[in-house]
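Peer 1: Here is how the chains run, residue by residue.
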Amino acid sequence: MGRTGCRMRGVAAGVLALAGWASPARASEHDAAPQERGAPIAQTQEQSESAMSTEPSYESYAGDDLGRPVRFQYPSQWTVQFDAGQIQAYRQLLILGPRNAEETFRAQLVVRSSPTKEAGGRFSGPGELIANLTGTVPEGASADEGSARDIADTPARDITLSYVIPPMHKTGLKSLPIPVRQRTVVLQRGSELVELVYSADAREYERHAGAFDRLLGTLQFP
Amino acid sequence: MHAGHQSKARRARRRAQGVIEYLALLAALVVAAMAFLGPFGQSMGDVIGRSGESIEETSRVMEGTLLAALSGREQGVPPALGELPEPLPAEAEDDPIILSGGPWLPPNTGLPGGSGLGPAGEAGGDAFGSGPARAGAPSTAPPGAGFGGSGIAISPAPDAAPFPSFTFPPLPPAPEGFTFISRGTSIWTGWTDVDALNITGTQGVALLTSAFNLVASLSPFNAITADLIAKGISIAFGTAQDFSGPTANAIAYFRVQGTAAFPNTPVPAPFLLFNPAFLHDSVEAIAATLVHEGTHFQQYLDGQIFNPTQTVIDIEFRAWWNAAVFWHEVRAQASPLDTRLEQEAEFGYRTALQGEAALRALIASLYT
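From first to last, the protein sequence lines are chains A and B. For the first sequence, the working numbering gives the first residue as 1, with consecutive numbering after it. For the second sequence, the working numbering gives the first residue as 1001, with consecutive numbering after it.
If you're looking for bench data, these hints aren't it; they were derived computationally from the structure. There is no bait here: all hints are sound.
Below 25 Å or equal to it, Euclidean Cα-Cα: the simulated DMTMM-like pairs (lysine to aspartate or glutamate) are:
1) A:K117 - A:D153
2) A:K117 - A:D65
3) A:K174 - B:D1242
4) A:K174 - A:E206
5) A:K174 - A:E102
6) A:K117 - A:D64
7) A:K117 - A:E192
8) A:K174 - B:D1338
9) A:K117 - A:D150
10) A:K117 - B:E1176
11) A:K174 - A:E204
12) A:K174 - B:D1314
With the rest of the complex left out, here is chain A (with noise of 0.2 Å):
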């Protein structure tokens, strides 16, 4: 069998690798137009129907609540609060969406306005601001930093932190650690900061993931 196997082996791998590569990405494209095309593989199939049934609705906010005009897209189950500080200076929207699985935390979007240090506030930037955010997550926690992008025409930063809440013994609470995944997208206008938050339970992470996507790319300041 010698270098007769050996060509064989080497042949056969290679083609095999090219199968692997070329599947999931057909798969993808496939993925896009389930309907149209018929699914008739049992598993893409099963992801089509799951990703059908899991769509939200969403409904659009707009509103001066943050102390200027801002609109966004959120699932149309998830309800809105509004708070705004009385030690730091800051107005938020506070989007709760659904519990996990272990009935320990509520999945959330954020959008956050404060004014930067020069106007009274905590942060001179988004620099500052991501620094704070970084340096205070609990020990052990890994990041991400995404590339500068544009939200809303705007540069913003872009981290995902992965963390672990340690179990709190509170009443009412459940005493279980949560893995949580937070991606934070922060962007400045003018004297404004603007914090662009999801977390969630870590792994139920992705079931929300584009309920966030749909928000930035929704985000306007008219």
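Given the coordinates of chain A, work out where chain B should sit on it, guided by the hints.
Peer 2: Relative to the frame of chain A, chain B by itself:
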């Protein structure tokens, strides 16, 4: 003659090997074609008269056969170095979070696999320890490959700079305004002060006394202990039976028993009860809990907990905030932060350092 036979036999063997080689190559090409065209499923099935499922099944069987042949392990032949293809890069390895398929363990915590979770799901002691160095490992994700960042109407800035790794900065100093929230005017105008320290019970009295004295020694937190003394509020470790249902794993609770006599002395009076499961935690952590529950007592005094406009976020925020401000004062002497309550207090403290907004958002996710 003998040599001629041998030569013929060698040629025949080579021809046979050649046929086998081409058959194997053909099979591999068929597998690749099926995998490549699989998502087109039905049309492919129509062409070759098979359903998508059977295509997939066939592919699986063939892949298994070929992989078994490739490995050579079934024949006891170890694969020689360089004969096997390089393993394909595993995309999942870029992600430090295990989303499914086994118990979740925090990344980079040093928590040994499969251990550290007690019967009640409580964390192992060292999972959130407080070593001086940040344990976060640099990300191995490619630049711009943040989680969930695809498919949105955003565009990279022209000067987009990649962040191939991340270094955590040190814990920032407490900001301006990171101060104790004092209570308002008492609404219990007819409740006469008794001025008595009322730590009771048969267990943990020394621990409670030390914690109480620690709070009492620090201004402005001593406003809480002053109120507890003034009203003679009972503070004790309860029994395991006292902690069940919603309080099952709580370190302590402030229990309101009656308000019928308002604004005069409530009968029976409210009290603070601690969970005996934490009899061996640190004085500092018990003291931080006393500040948290004592703040709820102060909310009882100034009427915040009776105000229908106050949400659970409002009520809990004040208690978490005051405990965090207190923890800022004592965490150094509590170090290393290796008990359950110390880790909990440290987490609340760090979130409070992020800001009032972040702490209120956390409470919303935990309590609502």
